Amino acid sequence: MSLNNILTNWSRYRKGAEEGGFHEYEHQWGMVVDLNKCIGCNACSVACYAENNLPVVGETRYAKSQFMSWMRIERYWDEPDIEPYQATPSANVDVWIETNPPAAKTDVKPSMPGSYAKGLLEPGGQGFEERVGVYATKGEAQDFGASFLPMMCQQCHAATCEPVCPVAATYHTPDGLNAQVYNRCIGSRYCSNNCPYRLRYFNFWSYYEDAWPEPLHMQLNPDLAVRDKGVMEKCTFCVQRIRVAKDEAKMENRKVRDGEFATACVQTCPTGALVFGDMQDPESKVSKLWRFHQVEQGKTKQNKQNKELRGYRILEGLNTDPSVMYLERVREV
Amino acid sequence: MSGNNVNRRDFLKILGWGGVGVAVAGCDRPTTVTLEEGKEEVVAYLQPEEYVIPGVGVWFASTCQQCPAGCAVHGRVREGRVLKMEGNPDSPINYGKLCQMGQAGLQGHYNPDRLKKPLLRKGGTLTEVSWEEAMTQLDQKVGPASGLNGERFAWFTGTVSGHQSVLLSAHLAAVGSKNHFVHEVINDAVARAVNQDMLGEAAPRYLLDQARVVLSFGADFVGTGASPVYFANTYAKFRTATPRGVLIQVEPKMTLTGGSADLWVAIRPGTEGVLALGIAKHLVSQGVDASGLPESLRTLIAGHDADKVSKITGVPPDRIARIAALLKDRSPSLVLAGASAEGHAHGYQSVAAIMLLNVLLGNVGKTIVPSGASQFPQMEAKAGNTRDLLAFADAADKKALDVVFFHGANPVYTAPAALGLAEKIKSIPFKVAFSCFPDETAMSADLVLPILSAHEDWGTHMGVYQPEQKSISIQQPLMEPLYPDTKGFGDLVLTMLKARKAAGFEGFEDYYAYLKSAFAALPDSVKGDAVSDEDFWGKTLQKGIVKVTTVGGSLSAKAVEINLPEFKEDSARPYHLVPSARLGMWDGRHANLPWLQEAPDQISKVVWTSWVEVHPQTAAKLGVKEGDFIKVASEHGAVEAQVYIYKGVHPDVIAVPMGQGHEEYGRYAKGRGVNPLKVLAPVADAKTGELALYATRVTAAHVGRRELLVKLMGNETQLGRKMVATVKADVFNRTEGGKDVA
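Keeping their order, the protein sequence lines are chains L and Y. Residue numbers for the first sequence follow my numbering, beginning at 1 and rising by one. Residue numbers for the second sequence follow my numbering, beginning at 1001 and rising by one.
Next comes chain L alone, as it looks inside the complex (with noise of 0.2 Å):
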C-alpha cells in the first residue's frame, strides 16, 4: 500500500461501523468462536494443514518455532477473570519473572557460530530459559480444565501487518481479508513483527523438498500453491473455498448463501464451537451471533448495553479490529 494510498483513501479503509460500516467491501468474512463449545481437541488445526497444504516441519524446526500451523490451539492454565485466580497483570508477570529468572550472560555464547540456533536446544542456550513453561495459578492443584484457545489470523480491519509491508504483498481484499501474494513477498518479515497474535508464518526453509516424501505429495491441494523459502503465510480464511462458492454463485446468478461452504476448520470442529460467514449478509450466523452480543467492528472498545454477554475480540485494545469475535469460555464455580 503505497503512502499516496493511504491519503487518499484513508476514510475509506477506516470506515467505522458508526460510519455504515464497510459497504463498500463485496463480502466480508467474520467467524465466531464459542469457547464455552470448544474442547481443545486439535481438529481444526489438522483438517488446516490437510486444505492448505501445510508442511510438516519435524521436531528440529517446531523447537526453533518454525512451524507452520495457521490454525493452532493455545491452552493456558490459568483464568484471569474468575476465581480462585485472581492475579492482577503485574503480579503475575512477576510470578513469571520470579520462577524463571533469564539465563545468565556466561551462558550465552553468541560469538560460535549458529550458536543461536543450537542454543535454543540446549540447557543455558539462549532462549531457552525463556522458553520454559511457568504456572501460576494459585493452590495445589488444578481445580479446573485448561482454556484453550483456537487461533488463527484475525483477518484485522485495521492490521497491523498491512501498512509495514514494504512490497504491498501482504493486502486488504474487497472480501475483508488480509491477503498474502507469495509473490510479491521478499521475506522482509515486517508483517509477522507487527502482529500482536503470532499468526504469520515464515517459510524458513523450502519445506517441500522434504515435508511430502512420496506419495505423501499427491494429497496436495492443487486449488493453492505450495510456498518456498523467504515467503510469509498465513490463514487466509480458504481463500480457495471461497474462491469457487462466489464463482458458483455468480454463474448462477445469485449471492453467496450463508452456510453452503465453510473453512476447513469451521467444516470439521466436532462441537460446533465455530461458526464462520459473511458479515455483511444480516441474516448471516455469523451477523446474528455479532448483534446478539453486541459486538461491533471499527471499535477500540466496545460499548455494551448488556455488559454480561459473552462476545470479545483479542487484544481489541490495540486498534485491530479483527474480523473474528470470540464467546468466552464458561465455568461454574
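Note that these hints are calculated values from the structure, not bench results. Don't take each hint at face value.
With a cut-off of at most 16 Å between alpha-carbon atoms, the simulated EDC-like pairs for lysine to aspartate or glutamate come out as follows [said to hold, decoys possible]: (1) Y:K1625 / Y:E1640; (2) L:K285 / Y:D1740; (3) Y:K1739 / L:E308; (4) L:K288 / Y:D1740; (5) Y:K1398 / Y:E1151; (6) Y:K1728 / L:E308.
Here the structure is a predicted model, which means the values were calculated and not measured.
Mind docking chain Y on chain L? Use the hints.
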C-alpha cells in the same frame, strides 16, 4: 440357487444379514437374489474416466478407519486423487464432522512407508516375493491340504464389524477354529462387564445432552472414548442447554475431557471406587433414597465417611461434599467410568461402585437408556479388549497355536514386555500379517501380505458405539490403488474361503461382488424407495450409510456386590504409572502420520516425542525442571523421557502418554520417544481378566540430562491479558439460556 445346498436362511447368514429381525422381515421378498448374480461382470471399482472433470473435486462417501468409532466420511477426489476428508452429514454418528485422526487418514493412505510387495521370511529375513509365491505359501500352510488342525489356528484382529467380521467368522468356521482374539488397548471392556451385570446390557446409550451434571471418573468421552466425534457433539448440546450442564472430572491425570471440566479433581489411582462410595454416603445422608439397595451395600456405603475417603483418595472432604451437592441439585445427572477407574486389579469393583451412583441417583432410564440390538447382529462390532491379548500370550506360551493371522492390531507393540510376547510368538510356526505398514507385528511375521489402504478398499462397518439411529456405513475406494501389488483384505479372506470350499461363497468373484449381492438381499424395509437392486446399490454408495432398525432393549438397575481392597502404599515404588491415551496417537497406531506427530498434544502441547507429566511438588522432590530427562522404572523395565510440569496430575502419579516408542513402523514413528505399555506390570482385573493398565508402581529419578522440551506454548499463563476470557455459568444462563441465537 447354485448347486450347493444353501437355503435362504443360511444364505442371509452368509451375506451378513442373519439374525432375529431379518429372517422374518425378509420373507416377503422372494428369492430374487441368486448366487449367480455375484458372477455378473463387475466393472472396475471406480471408473475414473466418468468421474474426472479436470479442476473439479467430486465427493465420494466412505467410512473412516482410524479408530473403532466408524465415522462416515466424504472424500474429495480430483483428477483421480483423494485430497481431503470430511464427515458425512447424513451420519448419525458424526453428522458431518471429523476429529484430527479422521483428517489424517489420508496420510496413512499416501504414507511413504507403505508395504508394496508381499514379504516372506527366508532364512530369518523378510524378503520380497511375488503374490503367487505368497499365496502358494499360504495354501501350503493354511489351505485345505495343509493338514492344519483348526484348533491350532487363530485370527488376531482389532475391533472388527460389518462384512469383514462375517467373512472372518466364516473363515474360522471353515478352518474349524474358535480362536478369534480381538484386541484394543483403548477399550471399555470392564465398564461393559459391569453394565452387563448391573443393567443387563453391555453398551447402553449415555444421554449426555439430557444430563445437567456429568461426573466422570476418568471417562475421556470427547478424547479417547468409544465415539469421540459423537460425544463431542452431544457435549456441545450439554454445554449449551439451559441450565448449562456441569462437568466434574475425577482422574489421576488430566485427559482431554478433563481439560474442559468445571471442577477437576485429582485422585490417587485405584481409589475411584472409594470416592464413589464416599459420594454415595454423602448423598444418602442428604436424603437420597437408598432403600432399594441390598443391606450389604447400604452397610458398605455407611462405612465410607468423608474423612476416611479423603485420606484414601487424596480428595479433600469439602470437594466430596461439593460433588455430592451438585449431583443432588442438578438432576438428572450421569456418572461415567473410564480407563483410569477400570485399569486396576479391582477395576470391576471400582466401576461397579461408580455405576452404583447412577442407580442411587435414578439415572438409569433417564440418562442411561437401552441401546438394543441392531436388526443385523452379524454386522455389529466385535469390540476389542486386552483380555484377549493376555489369552493370546498364554496360548503362545503353551505352544497351542500353529498359524496366526494378524489384522488391524499390533500386539508386539502394545503388549507389556513382561508378557514376553515378542519371544513367545516365535514359537508359532507360521504368522501372517495382513497389513499396510511395516509395524512391529508385521516385521515379526513369517508372511506379510500388503493390503489396500482404507481409502482403496471395500467394506462395511458399524461403529462400536451406536446412537439411537443405528447405521451401517459403507467403505468404498476413493481412488485406484497406489500400488499394483496390494490386495483388498476382504478379497483375500474370500479367496481363502473359496479355497476351503466354504458353502455359499464359491459364487462370488470378489469381495465387491459379495457386498453387492449382500445389499441386493436386504429386505425391502431397509431398501426404502429404491426401484431396483441396482438402484439401491447406487443410492447406498452415494449416501454411504444404511440406517437400520433397533430390536428390543431394556435396562434393569440391579446393584452388584462390591469388594474394594485395602489401599496399599508401595514404599519401594512410590509413584503410580499412568500410561495415558491421546486423541491423536491413539494406542500408537497413528505414530506414522506426520500431521498427528506435529499436532501438539492437547494438554501438554508437546510435539513429536514422549514426555513425562509430573506435579510441581513431585518435580521439586525429584529436583527436576521442564525438559529434564527422568527415568521411570517399574519392576519390568524403565523408560526415559523429558519432564513436563503442571498441576493437572496427582502428586503421586507419573504420566507417560502412549503412542511413541516404536521399534518399527516407518520413518515418522521408528525410534521416537518411549512406549509406557512396555513397562506395565502384567496385572489383570480379577473379575474380567482385562489388563490393569493403571496398576503399575514405579520409581522416578533425574538422569542428569536436559534438553528443550519441544512444544507449542511459550507461556503457560495468559500473563493477565484477556486471551481466554471466562464468565460464570449463572451469567451465561441468564443471558443466553433458552435462546437459539443463530
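Hint check results:
The hinted pair formed by Y:K1625 and Y:E1640 meets the criterion: a straight-line CA distance of about 15 Å does not exceed 16 Å. At most 16 Å may separate the alpha-carbon atoms for a hinted pair to count; L:K285 and Y:D1740 meet this at roughly 11 Å. Restraint check for Y:K1739 and L:E308: satisfied, since their Cα atoms lie roughly 15 Å apart, inside the 16 Å limit. The hinted pair formed by L:K288 and Y:D1740 meets the criterion: a straight-line CA distance of about 10 Å does not exceed 16 Å.
Of the supplied pair hints, the one linking Y:K1398 and Y:E1151 holds, its CA atoms being roughly 13 Å apart against a limit of 16 Å. About 10 Å separates the Cα atoms of Y:K1728 and L:E308, which keeps this hinted pair within 16 Å; it holds.
Checked against the numbered hints above, the structure breaks none of them.
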